[in-house]
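Protein chains: 4
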Amino acid sequence: MPRYGFLGLGIMGSAMAANLVRAGFGVTVWNRTPEKCAPLVALGAKQAATPRDAAAHSEITFAMLADPAAARQVCFGPYGVLQGLDEGRGYVDVSTVDDATARDVGAAVRECGGRFLDAPVSGTKKPAEDGALVFLASGDRRLFDEAAPALDAMGKKSFYLGETPGQGTRMKLVINSIMGSMLTALCEGLSLGLKGGLEGSDMLEVLASGAVANPMFSIKGAMMLRDEFPASFPLRHMQKDMHLALGLGNDLGQAMPCAAAAGEAFKKARAGGLADEDFSALFRLFR
Amino acid sequence: MPRYGFLGLGIMGSAMAANLVRAGFGVTVWNRTPEKCAPLVALGAKQAATPRDAAAHSEITFAMLADPAAARQVCFGPYGVLQGLDEGRGYVDVSTVDDATARDVGAAVRECGGRFLDAPVSGTKKPAEDGALVFLASGDRRLFDEAAPALDAMGKKSFYLGETPGQGTRMKLVINSIMGSMLTALCEGLSLGLKGGLEGSDMLEVLASGAVANPMFSIKGAMMLRDEFPASFPLRHMQKDMHLALGLGNDLGQAMPCAAAAGEAFKKARAGGLADEDFSALFRLFR
Amino acid sequence: MPRYGFLGLGIMGSAMAANLVRAGFGVTVWNRTPEKCAPLVALGAKQAATPRDAAAHSEITFAMLADPAAARQVCFGPYGVLQGLDEGRGYVDVSTVDDATARDVGAAVRECGGRFLDAPVSGTKKPAEDGALVFLASGDRRLFDEAAPALDAMGKKSFYLGETPGQGTRMKLVINSIMGSMLTALCEGLSLGLKGGLEGSDMLEVLASGAVANPMFSIKGAMMLRDEFPASFPLRHMQKDMHLALGLGNDLGQAMPCAAAAGEAFKKARAGGLADEDFSALFRLFR
Amino acid sequence: MPRYGFLGLGIMGSAMAANLVRAGFGVTVWNRTPEKCAPLVALGAKQAATPRDAAAHSEITFAMLADPAAARQVCFGPYGVLQGLDEGRGYVDVSTVDDATARDVGAAVRECGGRFLDAPVSGTKKPAEDGALVFLASGDRRLFDEAAPALDAMGKKSFYLGETPGQGTRMKLVINSIMGSMLTALCEGLSLGLKGGLEGSDMLEVLASGAVANPMFSIKGAMMLRDEFPASFPLRHMQKDMHLALGLGNDLGQAMPCAAAAGEAFKKARAGGLADEDFSALFRLFR
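Protein chains in written order, with the working numbering: chain S, 1 to 287; chain D, 288 to 574; chain C, 575 to 861; chain X, 862 to 1148.
To be clear, the hints were calculated from the coordinates, so they are not data collected in a lab. Be aware that a few hints might be false.
[Unchecked claim] Below are the DSS-like pairs computed for lysine-lysine, each with C-alpha atoms no more than 27 Å apart in a straight line: (1) X:Lys-1018 <-> C:Lys-769; (2) S:Lys-157 <-> D:Lys-482; (3) C:Lys-730 <-> C:Lys-700.
Full structure from sequences and hints, please.
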């Protein structure tokens, strides 16, 4: 039975690591603030003092970190992953970072003799808890196959998107840029309708019976109407993803006017005190 | 068995009127260019020479017209609906018009002793053909109930949104403004991914397995990848709806930055020769 | 010496009519709330009870009204201008209205035997007081020439833009859409710099020494830094002009993404309690 | 008489270095493609083989480079500026880079015992040739004073914006984000007016007689009407500056919807073959 490392125990990481433990795998966890390891240890995980140690004791180490800076720090920093990855060990970054970070980390891992996948996830807190995430992976094909038991424990589906690290990240940014624009469109539409005397519940029901019916509108729409935004996917992360997606558009020469408008709305919401609410709290900016 | 009138036999109207005929109702049709009546007459409909005549021979007359100007012309113009609506007859405008047009037509119909519903539809060509439209109705409650057999023949669901004519129209504009922004977001995301080396089919599959999965992305996304845009919902109509929704935002004091950005994209596409293509042809502006 | 009528005594109209009186012309004024006529009467103007009366006693009547609805009301309504315009009298609408209003009013005036110019002004309160407005006129060429003494008393320059009424209005909307986008850009830039630790006065000085130096930035920028926005050009009017310009873009097939983004900002500001402040109060939305 | 180094001889750098030579200073130039040094050498400059050599032979070295990557390479790379900056020498980066680059370069220079200013310029080709640039400097105050003779030879005005390197860069990004939005607004307005039957020259004349009159509109507007865009400030650079300004907005939590919309337009124009035209060629996207 393979042994896994897991770095980063925020909302997503905690739920994912717990699913690995519950599936019976040996798991070594690490988090920047070590207190967050306690619930996992209580479930049966071991705790490592550094990313290096976690990587050195695992066949494959997963990382779920907040942003590109954290991803680089955990990899390249002192006592970082690179120092623990000897020949053949695998490192799978499931964070959402930018293109360049995925490629830089991938290159460094390969130079150390390690193997790398970037495999950001589509899905938020609930799918993480339910083991229903979708992994968007690119990089070492054999590592993808070997990681399958772990990915299956944490997710419902895994896509392999090619040998080049960064393709998984690009897919994630494509998906999340669409998601961010859609959420903004929902805020605008619901708010317009409420000002025009329509019932919120009627709007959600009509949306759910037509061609644009989707789970996010039902779930987030209901949160908007209740004005309650417990963080499943914090707004600051969605704002970051919009920024990264627009940066990718800059690199590739793709104009994205709708995502740009949505991105500015998320920026304003983040600066306006909604950073740690669920990203659906963007609604407060509009209504 | 009630007798129905049907005015306006474009893509949508032809399919809807055909469903009325097939359901066994007596139907009198009218169209500005009379040639378009032939297929309906072949099915068993009668043909009227003017909107007035159609209305005068029907208990309830439906109208599916291109824009507010056409809706006003058919109602107020010479040989218009108003001249045929004596006491108690019903007029149901299922076109997507603006707020003010719905209210003006409604007021005029009531003054003539008629009864009025504005009941724009959610759904495009295929649902129209399949009798699977969604009606968004407001106005006379009794007329809504009496029209139920006809609405059921043409649609799968009908919402009654209150006594004030125009609420159905507002709901439609809310839905379509969201739809227009979503379609734009899909164009941006797919185009970004293609430039970044992702497979189009992979993107659609990932979208279909997550929280934003919706029928429109599957159907329109596939059209985008094939670069074929047979008009199910012509781009010029979506552009008009975005414009009307932003106008409603102007009236109600609702900022809609994402819809505004999408609206300008549709405007550019309309001016750039894509007016009569399906609205998903917006993709050509981005890729 | 010709006798002039002047309809509409808001911020702009009062100042303009006063300049006509001070230049020695006979002036008959009218305003919807008659109290506003008092200062003009004190200067030597006569007061009319209705637009009709003002028009009937004047060779040329000017109108400075709040929006298209008011412009139509004063022209077509009971005791309106049309009823006072017998053969050869001139009517010059210096309001900013939409294209269609300018054309409709122009056609009706000509049918009555009158002559028409639409001649919206570029300039706000201070230039109105100083007789330094710019007139953007189209319509009857002879009327333009005959009105020259009055236009010269109120403005520093007059443009004649062709025979078709509405061209003056179009020019005004072009100018104001640019102005609205520029003001928004200034808000964004100043606010960005302040958050980044730059001095507001340094930013204005740098702006004033480069290629984009313009009077508006100096005047409105200083108001922004003082956070004082006495209305020279009320925000609600600028919002209206952005909306009209975008509507013209809709008619002519011109995409205007920057104006659309600015327009949504003005919409939000108007709805957020800034409608009657100077349009530079938009800054409060950004800082 | 001090000896100056000058690194980077593009459109701007060539003109600036030439003004230093013509003012009688000893100047050592370097450029990545060495051929571009020839005209300067012909004027009397010396040519260095590397940035290090240029810096080592100069009291103060100026750099005018294309983007942050180039600025970092010339400073930190092999044979870079850092290797030539012994005790007390000055390095003045007049490129437009991002905040972080200005701070990183500044810190590295100080660690080497050198002194640093970031002093990006406001102004394009013509002002560069005429010695009429505006310098936006921050960093070492004494270096600013000592560099005055050189700055005066190249510019008409210099602002000192504080001890923290990066403030000059921030000011530049504020100015250029405003400029980019303004240029976009001009494109939209002129194009709208042309479609509406107005004369281009009339529009420029009206703009020049009102509150938004500014040199850029006159110069760039005339280029747009002629459809000739010889590069004074290449579009790719303006696109980069918009991107950097929006990135600064991201860092500081400042929403900039108008700049975001303009930025996407420049992105589309860059990808559409206009990268090396003057930035006013954006007009081609709109008309």
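These are the hints, each one checked on the structure:
1. X:Lys-1018 <-> C:Lys-769: holds, 25 Å
2. S:Lys-157 <-> D:Lys-482: Judged against 27 Å, a Cα distance of about 25 Å means the pair holds.
3. C:Lys-730 <-> C:Lys-700: holds, 13 Å
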